[in-house]
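Residue strings, one per chain:
There are 2 protein chains.
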Amino acid sequence: MISSEFVSRRKLVTADLARRRLDLLLVSKLVNIRYLTGFTGSNALLLQSPDGAVLYTDGRYRVQAAEETECTVKVVQGSLIPRVAKSLPRGRLGFEAAHLTFDAYRTLKAHLPSKVAAMPVEGLVEEHRMVKSEAEIETMRRSAALAWNAFEQTLQHVRPGIRELDLAAELDYRMRRLGAESPAFETIVASGVRSALPHASPTAKALGNGEILLIDMGAFLEGYASDMTRTIFLGAARPKAKRLYRAVLEAQRAALEAVREGTAAKSVDRAARRVLRTAGLERAFVHSTGHGLGLEIHESPRVARKVGIQLKAGMAITVEPGVYLQGFGGIRIEDTIVVNRGGCEILTPASKELIEL
Amino acid sequence: MISSEFVSRRKLVTADLARRRLDLLLVSKLVNIRYLTGFTGSNALLLQSPDGAVLYTDGRYRVQAAEETECTVKVVQGSLIPRVAKSLPRGRLGFEAAHLTFDAYRTLKAHLPSKVAAMPVEGLVEEHRMVKSEAEIETMRRSAALAWNAFEQTLQHVRPGIRELDLAAELDYRMRRLGAESPAFETIVASGVRSALPHASPTAKALGNGEILLIDMGAFLEGYASDMTRTIFLGAARPKAKRLYRAVLEAQRAALEAVREGTAAKSVDRAARRVLRTAGLERAFVHSTGHGLGLEIHESPRVARKVGIQLKAGMAITVEPGVYLQGFGGIRIEDTIVVNRGGCEILTPASKELIEL
Chain P
274 MISSEFVSRR KLVTADLARR RLDLLLVSKL VNIRYLTGFT GSNALLLQSP DGAVLYTDGR
334 YRVQAAEETE CTVKVVQGSL IPRVAKSLPR GRLGFEAAHL TFDAYRTLKA HLPSKVAAMP
394 VEGLVEEHRM VKSEAEIETM RRSAALAWNA FEQTLQHVRP GIRELDLAAE LDYRMRRLGA
454 ESPAFETIVA SGVRSALPHA SPTAKALGNG EILLIDMGAF LEGYASDMTR TIFLGAARPK
514 AKRLYRAVLE AQRAALEAVR EGTAAKSVDR AARRVLRTAG LERAFVHSTG HGLGLEIHES
574 PRVARKVGIQ LKAGMAITVE PGVYLQGFGG IRIEDTIVVN RGGCEILTPA SKELIEL
Chain W
274 MISSEFVSRR KLVTADLARR RLDLLLVSKL VNIRYLTGFT GSNALLLQSP DGAVLYTDGR
334 YRVQAAEETE CTVKVVQGSL IPRVAKSLPR GRLGFEAAHL TFDAYRTLKA HLPSKVAAMP
394 VEGLVEEHRM VKSEAEIETM RRSAALAWNA FEQTLQHVRP GIRELDLAAE LDYRMRRLGA
454 ESPAFETIVA SGVRSALPHA SPTAKALGNG EILLIDMGAF LEGYASDMTR TIFLGAARPK
514 AKRLYRAVLE AQRAALEAVR EGTAAKSVDR AARRVLRTAG LERAFVHSTG HGLGLEIHES
574 PRVARKVGIQ LKAGMAITVE PGVYLQGFGG IRIEDTIVVN RGGCEILTPA SKELIEL
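Listed in order, the protein sequences are those of chains P and W.
With my numbering, you'll find the first sequence wraps up at 630, consecutive numbering, no jumps.
With my numbering, you'll find the second sequence wraps up at 630, consecutive numbering, no jumps.
Calculated directly from the structure, the hints in this document are not laboratory data.
Small disclaimer: the values here were computed from a predicted structure and weren't measured.
Hints should not be assumed to be uniformly reliable.
[As the list claims (entries may be wrong)] Covered stretches of chain W, going by a simulated chain P footprint (3 or more residues, C-beta under 8 Å):
{"#": "1", "segment": "310–318"}
{"#": "2", "segment": "368–375"}
{"#": "3", "segment": "417–423"}
{"#": "4", "segment": "445–452"}
{"#": "5", "segment": "470–479"}
{"#": "6", "segment": "603–612"}
Using N, Cα and C, we set each Cβ at its ideal position, and we do this for glycine too.
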């Protein structure tokens, strides 16, 4: 990311401060600090004011901080919060209420000068992060392409007898060799009845003939996540499994068709849920239809019941209906997409036709 | 872990509640929930009382929770905190103040019946987690052995021209193939001057002849972390680098010799720091000597200045002094160890002799 992009992000945040009648913002959530400065270390606080941004970190990151950000950097020994708190000028200080812990809040309060008021702030930086710039979308495009390349390379080697664990290791290795920093989350490889666990960790179980194989994977590339799920069959799919697959695929298509700028997130969820209800599978769809992603694998907006937020062009979300039948198995189909004015761009164009390996 | 181990952990925690004059404990930190129940899902709350433990989670984890824990499980639609809060009996409810966010605390308060008082609790479950059982130590032994096996396998293929990224991918792949769930943290492969960044992420930089190569890696195996660092030389080490290496190795040995039951954590830190001071390198040692590890890669106790906590037999910590010279490079040597009565057991017995590949 070029440094002017960070400058303009900080300007937008600063403008928000004025609107919220705040003088300063204490950013404690590390991905938000990364978003605003480029700094990727594991210990930092950012103090943003109309006068500029100051990044506080510890001695381990002196060199790295100087390399990664053009902000003023202060290297602190010991806890960051007391040091930042003491240095504050009079005014209203926003803090990230969904991130700061109860303990950290108490420490902050205990060290604030008497003329500083600490005010909880909800999702300020996160709101800006929801809508991606063209540079961010391009990175996510590459992240998604990388994940499905790794998926397609690995698919050629899938056969009964391979353990879930080894298949997950292979997928992760290929993502890394293709340039990913890491998987975006613990890669799910769930076979047979284990596919009925929506968030199964891979085990030493070997893939069996005739089984369902559910793979949910994504990459972090230059900080940005991708996320995709494909469900395939080892050998001929049973008629019941085929029926479930078609229903989920139809639900996913209906949800994708519902996506466009101006649509409420809950309408996308409803579109998927309606198809599965018609198929008698609504109760087997035990999670929401999707979630935002970017610098985090789960971020706003959620694509779920009751989420009234309107989709905007540039929002990146997943669309991933699934059905899970305990003792039988599960089917999920997921793409990462970017909302645009007329619809969406699918970033994970791996085939969704029913595959019988 | 056998289920009786979870039962006895919960008994110890319940006994602590009485000592702290609490009637109930709301456990929100997921590794603490795992420690007390075996549940490994990503969304849960545990309510522990003298009458037993109730695990709250969402529909995605219905099957998994039933498989993983013998606790009572309640599957909740929507946010967990309001649901748990409403169901509480009169009394004093402890919550994890270092984990619960300010927002979650407010939600909890807003939904508590009027006869329930919410009391911040510091590190209750974490205190029990510090001292590992023999079963936990055995898992950590295998986690550490796995990491250094992967290290030694990979070392044979290290040569100038390989990119840091690819070496990190190789290390991670080998850990996975040896049975790890994942790396315990982002594997650090830092070569040349980049080794002066204590927490460098691997880059596309190729290893150069005559360079320092710092590798910091560990595995999660059955939930338990290991952590080791070795610094090696690609070709003949320069005299200055050799001198730094010997100083760090001597500091690490001094710290290891200081470890035994009853010693204060800060004394171990001081032992390492004293050696580096004598070598004129104290200011180049920019972090603390070590940290506890177990279900988390960083947990209590810290092994640092001012940490007066006494080491107990069964505590697992790292011992990892390092020196970092900007523009030249860095050296760090790290083992995972378990404290015992007369000293410690080193779980990462990879050679620490100076290696020139």
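Query raised in the report: Hint numbers the structure violates, sorted upward?
Result: Those not satisfied are hints 3, 6.
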